[in-house]
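These protein sequence lines are chains A and B, in that order.
For any residue, its number in our numbering is found by taking its place in the first sequence, counting from 1, and adding 8.
For any residue, its number in our numbering is found by taking its place in the second sequence, counting from 1, and adding 12.
These are calculated hints, taken from the structure and not from any lab test.
Hints are all accurate, no fakes.
Only pairs whose alpha carbons sit at most 30 angstroms apart, straight line, appear in this in silico DSS-like list of lysine-lysine:
#: 1; chain 1: B; residue 1: Lys287; chain 2: A; residue 2: Lys79
#: 2; chain 1: B; residue 1: Lys257; chain 2: B; residue 2: Lys51
#: 3; chain 1: A; residue 1: Lys140; chain 2: B; residue 2: Lys287
#: 4; chain 1: A; residue 1: Lys140; chain 2: A; residue 2: Lys103
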Amino acid sequence: MSTTQPDEKVTRRDFLYIATGGVTVVGAALAGWAIIDSMNPAANILALSTVEIDLSPVEEGQSLTVVWRGKPIFVRNRTAEEIAQAVAEDSDNMKDPQNDADRVQQPQWLVMIGICTHLGCIPLGQKFSDPKGEFGGWFCPCHGSHYDTSGRIRKGPAPTNLEIPEYAFLDDTRIKIG
Amino acid sequence: MSGAAKREYKNGFVRWVEYRLPIFSAADAIVGRDYPSPKNLNYLWNLGSILGLALVIQIITGIFLAFYYIPTAEQAFNSVEHIMRNVNNGWLLRYVHANGASLFFAAVYIHMIRAHYYGSYKAPRELLWLIGLAIFALMMATAFMGYVLPWGQMSFWAATVITNLFTAIPLIGDSVTIWLWGGFSVDTPTLQRFYSLHYLFPFIIAGLVMMHIWALHTHGSSNPLGIEVKGPQDTIPFHPYYTAKDLVGFGVFLLILAFFVFYQPVYFSHPDQFKPADPLVTPPNIVPEWYFLPFYAILRSIPDKLLGVVGFVSSILVLFFLPYLDTSKVRSAKYRPVFRQFFFIFLADVVILGFVGANPPEGAWLVIGRLASAYYFIHFLVILPLVGWFERTKPLPESISTPVLGDAGGGAAKPEPAE
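Please put together the full structure from these sequences, using the hints given.
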C-alpha cells in the first residue's frame with residue numbers, strides 16, 4: 009500500500025479513495041437497514057396491541073380463548089384442586105422452574121399465550137373433551153409437550169413454560185392484555 | 013467446443029446472425045454437435061434435462077396462476093378456489109403446478125442419489141455439486157413458501173412450525189421471527205412476503221442453473237464408470253445422441269406428471285389443506301410435503317428444541333461437505349463393493365426417515381426415528397471417510413471404450429489427446 013512505503017507520501021488521491029469508499033459503505037449500510045427494517049411489523053399491526061377481556065361468563069373450571077396480536081390467549085378459571093396441585097408441584101423437578109405464584113396475578117385466573125414454546129402449535133386442553141396431558145394441564149399434539157395446571161413445561165421438547173403476556177386487572181371481572 | 017473447427021452454417025440468415033452474435037455456435041457448444049459427451053451415460057443422466065423442464069413448467073404455470081391469486085389472509089384460500097372453479101383451465105394450471113413441484117423434488121432426489129452412487133461430486137466437480145446444493149436449498153425454500161400460499165390449514169401450520177424454528181436461535185431468535193413474520197404471528201404480511209419470494213426464487217434458481225451447466229461443461233459430464241474421458245473415441249456429440257435420449261426422459265416425466273394431474277391430482281396433498289387456515293386450531297398431526305419428511309423426522313427425533321433445529325439444519329449442511337467426506341479416489345460405486353452396500357443401507361435409512369416423519373413422534377416411531385437420524389449422520393461423518401480409506405476397490409478399466417471394445421477400443425494402449 010502506498011501509505012506503508014516510506015518514500016511515498018499520502019496523496020490527495022488516497023484521501024479521495026478512502027472518503028469515497030467510506031461514504032459508499034455507510035450509504036449502503038443505511039439503505040440496507042431501511043430495506044431490512046421494512047420487514048418488521050408495520051404501524052397498523054403494532055396499533056392492535058391491546059385487548060380487553062370480560063371474565064364474568066367464565067365459570068370455575070372453564071377456559072376461554074381470545075385472540076391477541078393474532079395469537080390465542082388462554083384464560084382459565086382454575087379450580088381449587090388445580091391451584092393446589094400447581095402449588096404442591098412447585099418443588100418438582102422442572103425444565104423451566106417457576107413457582108405457580110409467579111405465573112398468576114390472582115391464583116384463580118391463569119392467563120397465558122396459548123402457543124407451544126416448541127414450534128408454535130396450539131396446545132389442547134381448553135375444552136372439556138381435550139386431552140390435557142400427563143400433568144392435567146395442556147398437551148401439544150404436534151410434538152408431544154405436556155404442560156401442567158400452571159402451564160409449565162413438564163415433559164416433551166418445548167424448552168420453556170407457556171408464556172405469560174403482560175396484562176392487568178381493570179376491575180374484578182375485566183383484564184386488559186398488552 | 014474447444015478445438016472444434018469453426019462450424020460453417022449453410023443457412024444465410026443463420027450465418028448473418030452468427031457473424032454478429034455467435035448464438036448458434038454457442039448453442040452447439042452447450043447442447044449441440046460440438047459438446048462431446050461420454051458415450052456410456054445411462055438413463056440416470058437424464059435427470060438434469062428433466063429438472064430443467066420441470067423448472068420451466070413451474071415458472072410458466074406459476075406466472076399464469078399469479079394472474080388470479082390474491083395474497084391476503086382473507087382472500088388467498090378463496091382465490092385458489094376461484095382458480096379451481098371459475099378460471100378457464102385454472103384447475104389444470106394449479107394441478108400441474110402442485111404436482112409438478114412434487115415431481116421436481118422426485119427428480120432432484122434421483123439426480124442427487126445418482127451423484128452419490130457414481131461419486132460425481134469428486135474432483136474436479138466439487139463446485140458443480142455445491143452449486144447444485146445451492147439450487148436444492150432455494151428449491152426447498154421456494155416449495156415451502158409455495159405450499160403456504162393456498163392458505164389451507166396445513167399451509168398455515170407448516171408456516172408457523174417452520175418459522176418458529178428461528179425462535180430456537182439464542183438471544184435474537186424471537187426478534188428474528190417477528191421480523192420474518194412482519195407481525196406477531198403468521199398473517200397477511202407473512203403471506204405477502206412469501207408470495208414475493210416464491211415468485212423471485214425460481215429466477216435465482218435459473219441463474220444458478222446456468223452456473224451449474226457452466227461448471228458441468230468445464231470438465232464435462234461424469235459417467236457410470238467414474239473415469240475421465242481419455243480421447244475422442246470415448247465420446248459422442250451431445251446432439252443428436254443425448255438430445256434424443258433426453259427427449260425420451262421428457263416423455264416419461266410428462267407421462268408421470270399427466271398421470272397425477274389427471275388421475276390422482278390430490279395424491280400428494282393433505283385433507284387439512286381443504287380447510288381454510290385457522291390460527292386457533294392446530295391440526296392433530298402436522299406433516300410437511302413428502303419431500304421434506306426425512307428432514308422433518310430428524311428435527312422431531314431430537315428432544316431438545318435448539319438441538320433439534322441444529323440437527324435439522326446440519327442434515328442439509330452435511331451434504332455440502334460430501335465431496336470431502338467421501339474420501340475414496342475411485343468415483344463409481346461399480347468399483348467400490350463396500351461403499352455400494354453402505355449406499356443402499358443409506359437409501360433405506362432415508363426412506364425409513366420418511367416414514368418416521370409422516371407418523372406422530374410416539375412409541376416405536378420415536379425410537380426408530382432416533383436410530384435412523386443417528387445413522388444418517390454416521391453414514392456421512394464416519395462410514396464414508398473410513399470406507400474411503402480402508403476399502404479395497406476393484407480395478408478400473410483403462411478407458412470408457414476398453415470394456416466394450418477390448419484393447420482395440422483405445423485407452424491407455426493407444427492414448428490420444430482429448431482435443
